[in-house]
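Visitor: Residue numbers (full-length UniProt numbering), protein chains in the order written: chain B, 1 to 289; chain S, 1 to 289; chain R, 1 to 289; chain U, 1 to 289; chain Y, 1 to 289; chain Z, 1 to 289.
None of these hints come from the bench; they were simulated from the model.
You may find that some hints are simply not true.
[What the hints assert, rightly or not] Straight-line distance between alpha carbons at most 20 Å, and here's what the computed EDC-like set of lysine to aspartate or glutamate pairs gives:
{"no.": "1", "chain 1": "U", "residue 1": "K89", "chain 2": "U", "residue 2": "E21"}
{"no.": "2", "chain 1": "U", "residue 1": "K177", "chain 2": "Y", "residue 2": "D63"}
{"no.": "3", "chain 1": "B", "residue 1": "K192", "chain 2": "S", "residue 2": "E85"}
{"no.": "4", "chain 1": "U", "residue 1": "K89", "chain 2": "S", "residue 2": "E85"}
{"no.": "5", "chain 1": "B", "residue 1": "K120", "chain 2": "B", "residue 2": "D96"}
Number of protein chains: 6
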Amino acid sequence: MRFDEAYSGNVFIGSHPNYEESSVVIYGMPMDWTVSYRPGSRFGPARIREVSIGLEEYSPYLDRELKEIRYFDAGDIPLPFGNAERSLKIIEEYIDQLLADGKSPLGMGGEHLVSWPVIKSVYKRYPNLAVIHMDAHTDLRTDYEGEPLSHATPIRKVAELIGPENVFSFGIRSGMKEEFQWAKENGMYIAKFEVLEPLKEILPRLKGRPVYVTIDIDVLDPAHAPGTGTVDCGGITSKELLASILEISRSEVQVVGADLVEVAPVYDHSEQTANTASKLIREMLLGWF
Amino acid sequence: MRFDEAYSGNVFIGSHPNYEESSVVIYGMPMDWTVSYRPGSRFGPARIREVSIGLEEYSPYLDRELKEIRYFDAGDIPLPFGNAERSLKIIEEYIDQLLADGKSPLGMGGEHLVSWPVIKSVYKRYPNLAVIHMDAHTDLRTDYEGEPLSHATPIRKVAELIGPENVFSFGIRSGMKEEFQWAKENGMYIAKFEVLEPLKEILPRLKGRPVYVTIDIDVLDPAHAPGTGTVDCGGITSKELLASILEISRSEVQVVGADLVEVAPVYDHSEQTANTASKLIREMLLGWF
Amino acid sequence: MRFDEAYSGNVFIGSHPNYEESSVVIYGMPMDWTVSYRPGSRFGPARIREVSIGLEEYSPYLDRELKEIRYFDAGDIPLPFGNAERSLKIIEEYIDQLLADGKSPLGMGGEHLVSWPVIKSVYKRYPNLAVIHMDAHTDLRTDYEGEPLSHATPIRKVAELIGPENVFSFGIRSGMKEEFQWAKENGMYIAKFEVLEPLKEILPRLKGRPVYVTIDIDVLDPAHAPGTGTVDCGGITSKELLASILEISRSEVQVVGADLVEVAPVYDHSEQTANTASKLIREMLLGWF
Amino acid sequence: MRFDEAYSGNVFIGSHPNYEESSVVIYGMPMDWTVSYRPGSRFGPARIREVSIGLEEYSPYLDRELKEIRYFDAGDIPLPFGNAERSLKIIEEYIDQLLADGKSPLGMGGEHLVSWPVIKSVYKRYPNLAVIHMDAHTDLRTDYEGEPLSHATPIRKVAELIGPENVFSFGIRSGMKEEFQWAKENGMYIAKFEVLEPLKEILPRLKGRPVYVTIDIDVLDPAHAPGTGTVDCGGITSKELLASILEISRSEVQVVGADLVEVAPVYDHSEQTANTASKLIREMLLGWF
Amino acid sequence: MRFDEAYSGNVFIGSHPNYEESSVVIYGMPMDWTVSYRPGSRFGPARIREVSIGLEEYSPYLDRELKEIRYFDAGDIPLPFGNAERSLKIIEEYIDQLLADGKSPLGMGGEHLVSWPVIKSVYKRYPNLAVIHMDAHTDLRTDYEGEPLSHATPIRKVAELIGPENVFSFGIRSGMKEEFQWAKENGMYIAKFEVLEPLKEILPRLKGRPVYVTIDIDVLDPAHAPGTGTVDCGGITSKELLASILEISRSEVQVVGADLVEVAPVYDHSEQTANTASKLIREMLLGWF
Amino acid sequence: MRFDEAYSGNVFIGSHPNYEESSVVIYGMPMDWTVSYRPGSRFGPARIREVSIGLEEYSPYLDRELKEIRYFDAGDIPLPFGNAERSLKIIEEYIDQLLADGKSPLGMGGEHLVSWPVIKSVYKRYPNLAVIHMDAHTDLRTDYEGEPLSHATPIRKVAELIGPENVFSFGIRSGMKEEFQWAKENGMYIAKFEVLEPLKEILPRLKGRPVYVTIDIDVLDPAHAPGTGTVDCGGITSKELLASILEISRSEVQVVGADLVEVAPVYDHSEQTANTASKLIREMLLGWF
């Protein structure tokens, strides 16, 4: 991990050339080896950066420009193919250092399991942490066919670490019966199907608290995000997701870290999903940090 | 490792291995030879089965699991390529036998003309039958360029058989002027553009009646179902279609058969439409039978 | 320019064979050389015509058929590749002649810059002209990296010609801060994000005035129009755009010309965007002329 | 059938506007309803015409230009969807008239069954006819699952009509054992796998005879023609097919008709196959007529 | 219509329903988690089976039909996502049992690493084993960025197990300098770029020996196999690969097992690669067992 | 133009971080605005760099590694969209400076017109320059529909500048009759259809001379390079092109500059063409400089 040198690949538009002078750090976590269905999200961060060149630097939603904040795109974290355990360890250490340096982490996946070591690291600094989770899936399994390190388990791990009452899921439309039951029995909040309206109810309850926000791009309907591993109909529109990001911006929570995961370019035939992800990253940057 | 049993191959997820013990039978009708525009729906049933492996067996919409009902996936009905007349005859006899065996039919198309022999067969058992039809198109032509066996004619045939007052179309946004006029003059119900709200009005009127539901996937907007023969904008979302299926589940009609037609994989670049169809089939299974 | 002979290529469905007897003229402007991102809209008009064959000639929205009006498809205007200045001059002269012959122009792009010479020509005939502009982008730049003839500038040129107070933009969700400021300071109307509701407010104010309507297909969300140069999430649905076209039909403005631009077939994997454009052209024809 | 008026759609590049003054007539046969695998060739002729606009009018192979011959593109023959029998009858009558008018027929498919009525018609005029057949498949079945009108049967029908000893197949790499046996036992020539070398041997034997040439685009390897119904590896290159066409040009046979079939645009992702077909049609036009 | 038997679903065409009575067993190894570039080959076996339905059962290359041999398609081996070590162990035990039952193994990948446990198992039975390896890549690394279980290492492991002098690689066109050097220094045979001619030289030297043949589909040029993880130009044609399979059939080696790996459907836009793989499997079945 | 700072985007694999210490400079020329058919090559250089990450750094063709030479990837030259004249001027000045700094230029297109200013600049330094041109097209027009700055004219301009007897074209299979005639009458060498064999004849004649090599990727058959603007069948294989590059390496000409143009990612569905281009760039780097 060397943040003192320029990343040799593509960078997100408007990225500052200097790590030290930046307050937010963007990084990719190109891992997709535990997914049970369609792999490919390892190439998500690179494509999001590539298409960011077509993005306006001004947000008419927030009336703010990218030049108003300083962020550094540190590139993709090098991860060992096919070795989930080592990959997660590397990510955790990476975030530990970012936080030690006083940076806010903004990650791009990769599969959803990458959020687990990030939140673990963030929780060490913020014991009062709450997690806002937008997703089509509960991700509350203890294991997937015997394997505890699986893309289907990160939110369960998080809930067990920080307490289920501190995890708030939105837009959920798929999962096993047992997952929904576990959430209910353990006081974890799940808003089925919808994001914006339930978020408006929950945000005031989190006032003043440090919050980590993890967004699985498949919270969007496949019409709005075909380029992802699991295309599950009945999701929300990109307009609703933009409004939800804005809602968080306007709230009184303190976002201390965030990620956007599961963009898989190979299924994204007109680059619609990558472009959407790149706009969402802009809004997250401008609204939350 | 058990080599002593047949490979379970390509069947809809959760399908029961035994026909006799099942109450619902799923079957494919791989016919697309009378379509006037883009063919390809013959491969719809196979692809819907293939992607069903990615489906959760639990529905958070209905709070019900696939294991709670017994259904048998009988595979595709073998149909003679390019011979519409013989194909329809084969389908009708197939359904006759299903019904004689006390099974509920749940079909996958194929082009919409396949619904015609199914409904004919169902009507023989249920003379009080009503038909709920969700589609972008009226399908009320008497013929298509002189040909009475066409994908543009099935609802007309149905209406003439069971009486236009027993046919209820929803979501219609395309058709000839004469088709809309014929419906109006003959007392057939057509809800233009919308499905959910008009359905809520109609369902109470059908209370207690046997109902056959036929869904053309193109009732969805192309954003939600690009993988179909005719992509006609201005349709409903998958969220609205899921809600409509749920509405029927909650109503007091008796669903005695159903189908989902016109999924054409070759235009379905991220397999979004096949995945949507597979989830719709799950909801139909869980909610209606 | 010879309107006295039949166009040898594809024509829009239902096109009248004779120029003289037609009141509306459809034409393509196959130019895409000033775009800064993804080119390809030069093939838009040809593909829209090609798929129009799958279109019903009757509109259930307007209860009107194509045979009720006379329009002539004049084919694509031949434009010199890579020479923006000459191309715009050719388009302006073309429209001058159309108007001199008493025809209403209905153009298909091509990049958005093609609207500029058309509106210039129309303004010569209608000094009281107002312009309704539906788009994801402001298009209000004075230049693009030093180049005043750019796809990012047409609305600015129009506003400076006919007065910013006569330009009404709808659905805008991207632009530079300076563009929004210029509009505000100069009294130009911009409805951010939405089209239908603000349109309902504005139309009564334009009562009786001659109006030119220019629609960039990217006013639609990428879910509804992936086949365009810039895919920018957060847009409206095709249902909303159809309703907006209908709203103009019902209003008391006098549409004296219109265009639909930026359809780029190469990114349009299931031909969804071309089919949508072809239906929109039908509604514009039936509702506005 | 009206040859006295201009075709309103796309035409093949360089097509003469007048039927009477032309010696060759190009026409499409948009039928694909008897195929057993992937349909879609109904759109082949339209796409071949569309991309022909990118074609040079000069052939460096033959040192000849399109303007040196007169051909008329009559458009697609209107055929009834899903009705094979009527379609074949319409095609036969169409060719009867072409020949009666002294025109040389050059057809574009569509599935291979369309060649059958064409050759039947040509044979009535040329009882000494020989047929050169380039294909991946024998097409020698008597029926396909009981159906005698199938894409798998045309060469068998031809062989039974004009005598198996007058049919010469090249490039064959797939078929049933019985088909190869029937050919062998009945004196029909089959060159397995290769085209050019065996053609060089056969052509001198056909010296002076009237010959009909039917080319299934799948004689090419899928690398060279992915856009077809059946992709069967082990085929020849486009270079070899061009050389084979040239070889016939240089021979002393008299080509009295020809076709190119089975181009299916929906599987042709970079339009490679359509472009290849369009160049092949140019070479056939320039070299054979 | 027989509802009393299981639906035959997705098995390789012509597969025997009974394991005990079969001499060859086909199985899939759906693993792709150690690949360093494009994942997706986990879906290869399923797609190869699906398209095999379009295959003729007769080979004109070998003049033999599938019904002449008995093979059982055992489906895909269930493997734990993302856990390479356990996956390889499961595969090895699977093959151990197959061999104990006297069956010949014919595997479909999945990534190339799956060949390693298979060959390990086969070697236990045949200590005199030679391996024929056709591939674009050497696959001779000791590890990939520190990971010894990688898609880049299987042939190295094999060579170290059975002796480098017993491994014969063909068609190699990519690798590290060190890999080529290791082969050279250790007496392992590598034919660069070509397959057929060097194979003709080597086969007589292997006369009478038990041979395992492993084919990475990327030995084909990307023109012939775009649907694979690594597209590396300069490869052989499918015609040459078919001829090479035939050459082995005609030789006096005893094929005791074989596999075909690295077919990745998501990059295979016209299903060309899957169809090719399915034909290759047919030829391997008919020619080698 | 600032070569003294690191390029902020993707770089070609193995690129040296320092301009001063490098002897070869790689640069992109992202221009496609004068093409008459399919645009998109502006994105070629970026995609070639992106996929170069999958490339081995060792060439088994040349037995040489990338680390043996020093090259600097300077990124894409910023060019004004739609302004051909200014773009060409910028490119020429850029190359002037490269040459003044003693660097060898290795360019990536973009459309073929970009080669014109490069060769103009190189010719100023090497008055004895010969040009080797591999292409499907003659590119010898004086203008394209009146426009002298067109993708169809660069070789004509070059031939007029350096003398037609110093230009050697290979693989040509398309062009106007007049272009071939002009070449013949003016002593310019054209090898029709083939590259390798004629190259072997010509290279000895160029012994000791400075040579610029320009390769249009469409000299490859579309089977080998679908991702380009014009797909023209009958081309050479990638194996032949690799052998041709090697032939030049082994010859006694002095390569003083080179380019590879016309890679258009949007038509390159499995990234086959970009991967091929990236391997060709490696071979050019290793073999020529």
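Visitor: Evaluate each hint against the coordinates.
Guide: Taking the hints in turn, this is what the structure says about them:
In summary, the hint linking U:K89 to U:E21 is not supported, as the alpha carbons are separated by about 27 Å, beyond the 20 Å threshold. Taking the CA atoms of U:K177 and Y:D63, the gap is near 8 Å; set against the 20 Å cutoff, the hint holds. Proximity of B:K192 to S:E85 is assessed by CA-CA distance (about 47 Å); at most 20 Å being required, the pair is judged violated. With a CA separation close to 19 Å, the supplied pair U:K89 and S:E85 stays within the 20 Å bound.
Taking the CA atoms of B:K120 and B:D96, the gap is about 9 Å. The hint holds against a cut of 20 Å.
When each numbered hint is compared with the structure, violations occur for hints 1 and 3.
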